[in-house]
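Asker: In the order they appear, the protein sequences are chains D and S.
Counting from 1, one number per residue, gives the positions in the first sequence under our numbering.
Counting from 1001, one number per residue, gives the positions in the second sequence under our numbering.
Misleading hints may appear alongside valid ones.
[What the hints assert, rightly or not] Straight-line Cα separation of at most 20 angstroms, SDA-like style, residue types lysine to any residue; simulated pairs:
1. D:K303 to D:Q85
2. D:K242 to S:T1080
3. D:K336 to S:N1233
4. S:K1102 to S:S1062
5. S:K1112 to D:R383
6. D:K112 to D:D196
7. D:K242 to S:E1104
8. D:K336 to S:Q1229
9. S:K1102 to D:N256
10. D:K112 to S:V1090
11. D:K260 to S:F1251
12. S:K1102 to D:S257
13. D:K4 to D:T402
14. S:K1112 to D:L243
15. D:K242 to S:A1109
16. S:K1102 to D:L243
17. S:K1005 to S:I1232
18. S:K1005 to S:W1286
19. D:K208 to D:L182
20. D:K208 to D:S173
21. D:K341 to S:L1212
22. D:K112 to S:L1088
23. D:K189 to D:S143
24. D:K112 to S:E1082
25. S:K1102 to D:G380
26. S:K1112 to D:T88
27. S:K1148 to S:N1209
28. D:K341 to S:N1233
29. S:K1139 to D:I365
30. D:K152 to D:G212
31. S:K1287 to S:N1209
32. D:K260 to S:V1067
33. S:K1112 to S:Q1032
No lab work stands behind these hints: they were computed from the structure.
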Amino acid sequence: MQRKYFRTFLLMIVVAVVAGFFVYPGTVLDKWSPWRLGLDLVGGTQVIFEVDMSSVASADRDQVMDGLRDVMERRVNIFGVSEPQVITSNTGDHYRLIVELAGIRDAAEAIKQIGRIAHLEFSEVEQTGDGADGDAGNIRYISSELNGSHLKRAQAVIDPTTYKPQISIEFNSAGSVLFENLTAKNVGKPIAIFLDGALISAPVVQEKITGGQAVISGQFTIPEAQNLASLLNAGALPVPVKLVSQQTVGASLGLNSLNKTMFAGLMGTLAVMLFMVIYYRIFGVFSVLALIIYIILNLAIFKLVGVTMSLSTIAGFVLSIGMAVDANILIFERSKEEIRKNLSRNTAIEEGFRRAWPSIRDSNISTILTSLILYYLTTGFVRGFALALLVGVLVSMFTAITVTRTIMRVFVRN
Amino acid sequence: MYIIKNKFIFLGISGLLVAASIFSIFYFGFRQGIDFAGGTLWQIQSENISGQEFLQEMFPESSVMPVEGGSFLIRMPEITEEQHQESLKVLQSRFSGLEELKFESIGPAIGKEVRDRAVWAFLAVLVGISLYIAFAFRKVSYPVNSWKYGIITLVTLFHDALIPAGMTAVIGYLGYGAELNTNFIIAILVVMGFSVHDTIVVFDRIRENLRLGIGKNEAFSGLVGRSIQETINRSINTSLTLVLVLVFLYFLGSPALFHFILVILVGTIVGTYSSICVASPLLTLWKRSGNI
Chain D
1 MQRKYFRTFL LMIVVAVVAG FFVYPGTVLD KWSPWRLGLD LVGGTQVIFE VDMSSVASAD
61 RDQVMDGLRD VMERRVNIFG VSEPQVITSN TGDHYRLIVE LAGIRDAAEA IKQIGRIAHL
121 EFSEVEQTGD GADGDAGNIR YISSELNGSH LKRAQAVIDP TTYKPQISIE FNSAGSVLFE
181 NLTAKNVGKP IAIFLDGALI SAPVVQEKIT GGQAVISGQF TIPEAQNLAS LLNAGALPVP
241 VKLVSQQTVG ASLGLNSLNK TMFAGLMGTL AVMLFMVIYY RIFGVFSVLA LIIYIILNLA
301 IFKLVGVTMS LSTIAGFVLS IGMAVDANIL IFERSKEEIR KNLSRNTAIE EGFRRAWPSI
361 RDSNISTILT SLILYYLTTG FVRGFALALL VGVLVSMFTA ITVTRTIMRV FVRN
Chain S
1001 MYIIKNKFIF LGISGLLVAA SIFSIFYFGF RQGIDFAGGT LWQIQSENIS GQEFLQEMFP
1061 ESSVMPVEGG SFLIRMPEIT EEQHQESLKV LQSRFSGLEE LKFESIGPAI GKEVRDRAVW
1121 AFLAVLVGIS LYIAFAFRKV SYPVNSWKYG IITLVTLFHD ALIPAGMTAV IGYLGYGAEL
1181 NTNFIIAILV VMGFSVHDTI VVFDRIRENL RLGIGKNEAF SGLVGRSIQE TINRSINTSL
1241 TLVLVLVFLY FLGSPALFHF ILVILVGTIV GTYSSICVAS PLLTLWKRSG NI
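Chain S extracted, bound-state conformation (with noise of 0.2 angstroms):
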């Protein structure tokens, strides 16, 4: 199989795509949503607000960007809500007809624990999968040991995680305002859970096929590979239907959703290719590599 015969160039690829991801998200950073950082982000718009200088001058520690639809979006430190409400007066008493499209003001502490636990759920998340893979495999010890399948799987989760993150990373850092916020750890969540949907199926063939035993003689790793040919089929046309929704929804959706439709677009290809391309050669490297 062409994919297991040329699998170092394949992991070659997912490696500098990861190493690119961790350097840029170690290197720019995250900009962190409100929502985990704490903070006041507020949506406002009126026909009548020609330019942002005066919002800017109003709000001279925040950042202020125009949206699609002619409002105006401000981000910046807490403020109160006795703050939040003679700000109003002042900008409804220049700009007539404005609308409040949005307000959201969050504590720092409040902040911290949404991100905390967010983190948690997500790391929860990643070991569950992976001991339910390697419990589901359980049978399958020989040719590789089915606790394996649990750690690759893990390896493909962390993949499929990381180079999205580090895309947020980049985007944000050119200022389109990717953030790391709730949206995306439910977005780098659906990734997982399309992505170990992938994964799971070609190591299902490849159980299968060990257990019918048909090609008993046949070398683990071209067994693989026929698991992933016959696979293939499937999973490309599941990863087509999901991104034909996604590009619907990037293209005609809520601009609100914007990252968070990107996010998932990115992953699923990522993890349909992981799952082909990178869980399968792991493989049988490390079967090549242990006796066990």
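Extracted from the complex, chain D is given alone in its bound form (with noise of 0.2 angstroms):
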């Protein structure tokens, strides 16, 4: 019997310690499966837009939304920040968007450029009057059906005679005709071309342009130039959209409290296992051993199912460690007790795990419904939290009961 134990034994210590180094941070396992940190830890920020659909049927507006968050996506994939989510909500008649970009360098900016409608327009230019006087008043626009919606490719260049940030646009194949057509009508005239409802230029058509290519040069700095195409490149939003929630955590702020809260964990959690050694003897060092592999086996399920690590996670998983001590402990005082009734050692263990195991699963279930409930029904950190909870209690179950017993089994001499 002891020798079919001490196999599982062994098959445990082998997960754990593959397990170990997956979960430790910076080897190679870390390209395929990074740890994802939240922005509390890592910096960064997390916006909430509201979506005016006043102008969308109510019928459409779903639809507007899976659009709207499309482009969204390809926006924040400029710039370039590990992971970065993008969520819909509709709560009664409000329809939000939730963007984070854990690790991002210059939040403001990101703001500033995601929240862009950047729509496209190109139109004709109508002169009533003479315009000799200067009289803007006798200028018409008249928006033409080409758009932001017919661009193939934008692209930030120099120019090469003025030295200056352009855009250069590639037009799809409708687009190309659209232009064409556009461009032949105006020959010696300008066309005026609006960003967002803004004039942006307005160059004279010198000759029909074939081809669908074209230029948009501006008072642009390189930056701006390389913005506006990628936003160009992304597409325009459907729907307008306005800023009502902001959270940005600074760098350092994050790492700071990372490194301040681990450093605490860790201590509280090595004081614990210093106390199970203590008062529980041989049987403390069992559950310092189960410990060790439950905290191992936790880490690399968040790891791999790609939880995000944030302030409220680790908060669950500390709350987790509690209740697998706990576990671990009821089972020792009952094997005491049963110990004291002249049972022999073995037996009084066997029969310790037989009688902790009601409460032990009656509290766990408890807790397993209060995380899934709190799952359910709230968002962000509080989400974060329960789900922590959720796989913590879950492993514990196994590690407390499971891995105790066999190593119980396997040292526990009468």
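Make the complex out of the two chains shown on their own, each in a separate frame, by following the hints.
Answerer: As structure tokens, then:
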């Protein structure tokens, strides 16, 4: 019998060591499955946009939201943060877009850029008066059918003669035709280019342009031209959005709280282990071993599933450590009681596990219930806490019972 | 058992604490966090900020608080991103090397939603746990009906949530910045999670002793007393381990979590007390008053 348990024990140790390598940060394994850190730990920003659906018929709103999310996802990818998140939410008649950029350096710039509509429009210019007195009221802009949705590609380039940054654009086939017609109709006249309703430039058409190539020149700086080109490539937002909430954490503050919390959590866990060994002696040593396996397995699952680690996740994790220890304490106290009844050590331990089980089961089920309710009813930080707690309790039921029992079966002799 | 014999003293202490907590919640009220009430919270740091007068003048409607480590926390009604950037420029030109540690701005509508959701989730958890306890103890309906275990658990959970909440109201009133916010709700849920574990362990032992029928002639209150005695080591040791972790987190952890940890710390102690000195005595009292 003992041999069989010994094999299980070895298997657990091997699994724990492998999981330990997987969890340890900075190894090659991080490439295909990195730690995901929340913005409260690495810095970054979370913004919520209220979507203005007033101009959209209610039947089309879900579709517009999907389109909006796609554009937003393309936009946030420009900023090169790892795993940006774009989530849509709909409560009552409020449509919202939640964008999370963990680890971003210039949050202010990102917020400014991703909230822009970036609607590009080409208009004909009709000059009704002679314009000699500089009478601007005589100019009328007539929107053409050509707009940003006809773009194939936009790129920031430097004008070879003036050395000024500008944006070269290429239309798709439908756009090329429209552009050709538009230029053919307006030879010798300007065409006005609008971005979000503001006039950027109004170059005068020299001749009909075929092939769908054009250039937007304006008073751009190089970064502005680059941003604009990226935005045009990502596409315009189908409806206007308004910033209603922002949470930005500087990287240094995040790192500071991460280090402090990890250190404090580690010291606390060590103190608990020390307590267990002092109070329960050899049983305590077993529970410490089980606890180490528990911590490693739990972290491995967090990493594997891609749970975002934030302060609330750590809080949930620490709580589940407490619950894992609690299960062991229950079992040990019970076993001690049975030993006092003059049962043999092995029988007493088996009896301890058996009798402690109903309370471990009931208390853990109530915790699982709590975390499920929280997970489905809340968003954001509370949700992260609930997920960590759920994973933690499930893993702890395995380690505190199966792992501890195997260790004890292997090492405890009558 | 000492606790059952002197139950009115222990219940009295709890009653006083709960009454004081309810009083302070209604009298002092809560300072609501900006994630619930909406508003802007801005934390900036620069070695060149000597005093907070300039910040106070710049944001007249704000409260400015110096934070450990040489930074300042400014709390004010919601400002827009444009206002934020303008103010940042002014501050950067005035204080060189200014660094933004944190900027949170939340609209009142969002805040209300977050708060409502948190409150609903909290209530759902309370009801869910109580129903489960009533279910788990369904086979034990003599001498106390199983739903009474559920109700008493609910009462105990309220007790454990109210006392740290009252403490938060008092600390907030004294101006140490404790708030009703998302973190607070999480902390209370942690407390409730632990408290229900404690209560279940004691109730489970009562259930077991009833089923074994060891002392069939034993009075119910005697059996409850014995069950407490048999589980008290475990209750205290478990709380002790959690208290150990929390004390380390409180003194060594991130200052952003001070109040969070404090609520859990106090709640854990209260929760252990309540499962031993409130839940079980209530069970004997209720048994006595009704025949079922």
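Asker: Sort out whether D:I365 lies within 20 angstroms of S:K1139, counting only the CA atoms.
Answerer: holds, 17 angstroms
Asker: For the pair supplied as a hint, S:K1148 and S:N1209, is the alpha-carbon distance within the 20 angstroms limit?
Answerer: holds, 18 angstroms
Asker: Assess, step by step, whether the Cα of S:K1112 is no farther than 20 angstroms from the Cα of S:Q1032, and give holds or violated.
Answerer: holds, 11 angstroms
Asker: Going straight from one Cα to the other, do S:K1112 and D:T88 come out at no more than 20 angstroms?
Answerer: Holds - the C-alpha atoms of D:T88 and S:K1112 are around 18 angstroms apart, at most 20 angstroms.
Asker: Compare the distance between the alpha carbons of D:K112 and S:E1082 with 20 angstroms, and conclude whether the hinted pair is satisfied.
Answerer: holds, 9 angstroms
Asker: Compare the distance between the alpha carbons of D:K242 and S:E1104 with 20 angstroms, and conclude whether the hinted pair is satisfied.
Answerer: holds, 16 angstroms
Asker: Verify the proposed pairing of S:K1005 with S:I1232, using a straight-line Cα cut of 20 angstroms.
Answerer: holds, 16 angstroms
Asker: With a cut-off of 20 angstroms on the C-alpha distance, tell me whether S:K1102 and S:S1062 pass.
Answerer: Measuring from Cα to Cα gives roughly 16 angstroms; hence the hint holds.
Asker: Run the distance test for D:K242 versus S:T1080: straight-line Cα separation, threshold 20 angstroms.
Answerer: Holds, because 10 angstroms separates the two Cα atoms, which is no more than 20 angstroms.
Asker: S:K1112 and D:R383: Cα distance at most 20 angstroms?
Answerer: holds, 17 angstroms
Asker: Checking one constraint from the list: CA of D:K260 to CA of S:F1251, max 20 angstroms. Satisfied?
Answerer: holds, 10 angstroms
Asker: Quickly compare the C-alpha distance for D:K242 and S:A1109 to 20 angstroms and report which way the hint goes.
Answerer: holds, 13 angstroms
No hint from the list above goes unmet by this structure.
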